[in-house]
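Novice: Modelling step: build the complete structure from the supplied sequences, incorporating the hints.
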Amino acid sequence: MNVMTLEHTRTIDEVKTSFALALEMAKDEGHKVVGCLCSYFPREVAWAAGAITVGLCGTTQGPIEAAEQVLPADQCPMVKATYGRAINNTCPIFPLADCIVGETTCDGRKKMYEVLGREKSMHVMDLPQKPENPAALRYWIDEVHRLKGFLEAQLDCRITHDALLAAIEQGNRERVLLKRIHQCRKSHPVPIMGLDLVALSTSMSYTIDRKHYLKELESVLEELRRRIAAKQFACSADRPRILWTGLGNSLGCDKVLRLVEQSGGVVVCQEGCGGVTRMDDQIDPGDDPIEAIARRYLKVTCASMSPNNTRFEQIDRLITEYKIQGVIDLAWQSCHAFNIESFRVREVVKEKHGLPYLHIVTDYSQSDVGQLKVRIEGFIEQIKFGLGR
Amino acid sequence: MTAVNGFYAGIDVGSLTAKSVIIDHSGIVAAKIIRTGAVPQKAGEAVFQKVLDRAHCRREEIRRIVATGYGRISLPFADKALTEISCHAKGVRFLNPDVASLIDIGGQDSKAITLNKDGSVADFIMNDRCAAGTGRFLEIMAGALEVNIDDFSRLSVRTGEPCQINSTCIVFAESEVISLLAAGNSRSDIAAGLHQSIARRVGTMARRLKPFKNTAFVGGVAKNQGLCRALENVLGAGFMPIDADVQITGALGAAIFAKEQVLQEQKNECHDVGTYKND
Ligand code: SF4
Ligand code: SF4
Numbered sequence: 001m002n003v004m005t006l007e008h009t010r011t012i013d014e015v016k017t018s019f020a021l022a023l024e025m026a027k028d029e030g031h032k033v034v035g036c037l038c039s040y041f042p043r044e045v046a047w048a049a050g051a052i053t054v055g056l057c058g059t060t061q062g063p064i065e066a067a068e069q070v071l072p073a074d075q076c077p078m079v080k081a082t083y084g085r086a087i088n089n090t091c092p093i094f095p096l097a098d099c100i101v102g103e104t105t106c107d108g109r110k111k112m113y114e115v116l117g118r119e120k121s122m123h124v125m126d127l128p129q130k131p132e133n134p135a136a137l138r139y140w141i142d143e144v145h146r147l148k149g150f151l152e153a154q155l156d157c158r159i160t161h162d163a164l165l166a167a168i169e170q171g172n173r174e175r176v177l178l179k180r181i182h183q184c185r186k187s188h189p190v191p192i193m194g195l196d197l198v199a200l201s202t203s204m205s206y207t208i209d210r211k212h213y214l215k216e217l218e219s220v221l222e223e224l225r226r227r228i229a230a231k232q233f234a235c236s237a238d239r240p241r242i243l244w245t246g247l248g249n250s251l252g253c254d255k256v257l258r259l260v261e262q263s264g265g266v267v268v269c270q271e272g273c274g275g276v277t278r279m280d281d282q283i284d285p286g287d288d289p290i291e292a293i294a295r296r297y298l299k300v301t302c303a304s305m306s307p308n309n310t311r312f313e314q315i316d317r318l319i320t321e322y323k324i325q326g327v328i329d330l331a332w333q334s335c336h337a338f339n340i341e342s343f344r345v346r347e348v349v350k351e352k353h354g355l356p357y358l359h360i361v362t363d364y365s366q367s368d369v370g371q372l373k374v375r376i377e378g379f380i381e382q383i384k385f386g387l388g389r
Numbered sequence: 001m002t003a004v005n006g007f008y009a010g011i012d013v014g015s016l017t018a019k020s021v022i023i024d025h026s027g028i029v030a031a032k033i034i035r036t037g038a039v040p041q042k043a044g045e046a047v048f049q050k051v052l053d054r055a056h057c058r059r060e061e062i063r064r065i066v067a068t069g070y071g072r073i074s075l076p077f078a079d080k081a082l083t084e085i086s087c088h089a090k091g092v093r094f095l096n097p098d099v100a101s102l103i104d105i106g107g108q109d110s111k112a113i114t115l116n117k118d119g120s121v122a123d124f125i126m127n128d129r130c131a132a133g134t135g136r137f138l139e140i141m142a143g144a145l146e147v148n149i150d151d152f153s154r155l156s157v158r159t160g161e162p163c164q165i166n167s168t169c170i171v172f173a174e175s176e177v178i179s180l181l182a183a184g185n186s187r188s189d190i191a192a193g194l195h196q197s198i199a200r201r202v203g204t205m206a207r208r209l210k211p212f213k214n215t216a217f218v219g220g221v222a223k224n225q226g227l228c229r230a231l232e233n234v235l236g237a238g239f240m241p242i243d244a245d246v247q248i249t250g251a252l253g254a255a256i257f258a259k260e261q262v263l264q265e266q267k268n269e270c271h272d273v274g275t276y277k278n279d
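Sequence lines, in order, name chains A and B.
Heads up: the first sequence at position 256 corresponds to 256 in this note's numbering, and the numbers run straight through without jumps.
Heads up: the second sequence at position 186 corresponds to 186 in this note's numbering, and the numbers run straight through without jumps.
Read the hints as simulated data drawn from the structure, not as lab findings.
Small disclaimer: the values here were computed from a predicted structure and weren't measured.
Heads up, the beta-carbon is just placed ideally off N, CA and C, and yes, glycines get one too.
Watch out, some of these pointers could steer you wrong.
Stated by the list, open to error - Computed spacing ranges between beta-carbons, pair by pair:
1) B:I34 x A:S306: 35 to 45 Å
2) B:A183 x A:S367: 49 to 59 Å
3) B:Q264 x A:K231: 46 to 56 Å
4) A:S365 x B:R154: 33 to 43 Å
Claimed, not checked - In silico BS3-like links for lysine-lysine, alpha-carbon gap of 30 Å or less:
5) A:K130 x A:K352
6) B:K267 x A:K323
7) A:K111 x A:K299
8) B:K223 x A:K373
9) A:K323 x B:K210
10) B:K210 x A:K373
11) A:K323 x A:K148
Specialist: Here it is, written out as structure tokens:
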């Protein structure tokens, strides 16, 4: 990875392998490692415990076979790959985690965590599923307190008020920079292709030194702004501008995103995990940092929540802000929550904005690539041929 | 040669058949359908040669060639490749301007498409990776009943009481058929049940697109009268008439795109319409 040229050619497995080396060295120096699995994980609490946080989600096909010896085949690939990596000894990072933290989002994750917990000491946070309910926040604040207790016991440390404030400051700075990076893509044409940004940001997120991470984000932002000023765009102006929503926008499980850009589109904005929307919610520490952290993380949107209205308001807003010409909504196979929400995404995109909408259900395998090509090329044609209307 | 004169070709290489159509300024000049076989590129070349012969036309007289279908990218002599989604829409609308939506069932997938008033694609939906609701499903089920595909369709129309078939997966449906045969059900009742099951599946998929009306049924499988009737029942309306072989609408659409693009380029020399620059 080169943050100056924004070039990135490594696969997710290569990223993880080299990260694992650095992680081992950090552990030798006495650092603790907390494995995390979802956007609801309040990372600031782990940072305040002096721990390094590392994502453990599986985004590749390889480990799925191992997982299917325990989990039923008709689970979403994310659930299977995450579990498979943990048990088939192919994840170089998993053994280095001192403990892992999960949240009760969807059924697949929550039941998988019950068996994953046998591999490593694990804490599952109970996430209230109707976040707008006033009691939900009180409950979640308690859960964040319990997480603090768990981490203190596991990592044998005390999480102080000051350490929490410092962690909040760090998280806020990261989010501001990430948001500005994403916003550079409002430019037409964009200064970076969607796939390149996904690869770059996934790979940068595997970081040990978060201060260094901030520096990297700053230089990426600077380079993007320089390109815009110098009119050095990543593609020509006639590529349809695509909004990505749902799943499948991180390195490894990016086959559809890749096809979209190979077929002549460009992804200029992503809603959801890994996208721009989560960067809006900052933490205002006030007098109770734990409460402030809890407040921020309950705002994350996910189809496992009900009614999850914020997601649709954000899609609506992003379509206008990023001058979107078509929306792609990806759900993994057997992901009931995102698959059902697609009906509501379609309503916003087609009925409110009258834009082409493509719903894709797939998994991590390559078996449907030929068929996906037809749909994606057809979708790009639909946008291009419909432009003059 | 004036702006509109000349010939344009569309070639649609599908998984089971390859189709080609030549048009001129006034309409279809010739059309040809052959089996695809194992090598899509060869099929594309062969069908193109055959349609040229039929049109009494030389290759140099074709001003532009657009390819579509699964083999669209394997034809080096085509000027451009477009998906069968755009091409079917274009071809059907040319044959019947009142069509507002269409169903295309091919060898390995099925699609439902709705059209804008100007004929451009408004929305489309395709079956996911499984073969239920495709020509392949019908072929395998005909095999399970040990009849050829034409008899299979005819049988289904002569039913007394169609069997209820619940499996949509090819493997399960095949064993369901075998148990139904063993239980003494007639071949025509089973055939009718299978047709209904596909019709329900494709019809339900199509109706996710709203509004879905004034529908044309195209693609090779649209020649199956049994399925036609069953789908009309599911959709609650008759299909719109198409004044040509329903199997050639994709190739026809491709040929029309070829013509439109030449005309567009003449109008606007520097504007490159719809090509995918690999920038
Ligand atoms: S989509 Fe939902 S379950 Fe998945 S990481 Fe995001 S918040 Fe967590
Ligand atoms: S993709 Fe869906 S089913 Fe899979 S882990 Fe995420 S929310 Fe759960």
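Novice: Now tell me if each hint is right for this structure.
Specialist: Against the structure, the hints come out as follows:
One distance hint, 35 to 45 Å for the beta-carbon pair I34 (chain B) and S306 (chain A), is violated here, with the actual separation near 54 Å. Roughly 35 Å separates the CB atoms of A183 (chain B) and S367 (chain A), a value that falls outside the hinted 49 to 59 Å. For the pair Q264 (chain B) and K231 (chain A), the supplied restraint of 46 to 56 Å is violated, since their beta-carbon distance comes to about 28 Å. Distance hint check for S365 (chain A) and R154 (chain B): the Cβ-Cβ separation is about 39 Å, which falls inside the suggested range of 33 to 43 Å.
Of the pairs offered as hints, the one joining K130 (chain A) and K352 (chain A) holds, with about 26 Å between alpha carbons and a cut-off of 30 Å not exceeded. Between K267 (chain B) and K323 (chain A), the direct Cα distance comes to roughly 28 Å. Compliance with the 30 Å bound is thereby established for this hinted pair. A distance of roughly 24 Å separates the Cα atoms of K111 (chain A) and K299 (chain A); the hinted pair therefore holds under the 30 Å criterion. Restraint check: the Cα-Cα separation between K223 (chain B) and K373 (chain A) comes to about 27 Å, which is no more than 30 Å; the hinted pair holds.
Note on K323 (chain A) and K210 (chain B): the hinted pairing holds, with a Cα-Cα distance of about 25 Å set against a maximum of 30 Å. Between K210 (chain B) and K373 (chain A) the CA atoms are separated by roughly 24 Å; this keeps the pair inside 30 Å, and the hint holds. Taking the CA atoms of K323 (chain A) and K148 (chain A), the gap is near 42 Å; set against the 30 Å cutoff, the hint is violated.
Checked against the numbered hints above, the structure breaks hints 1, 2, 3 and 11 and satisfies the rest.
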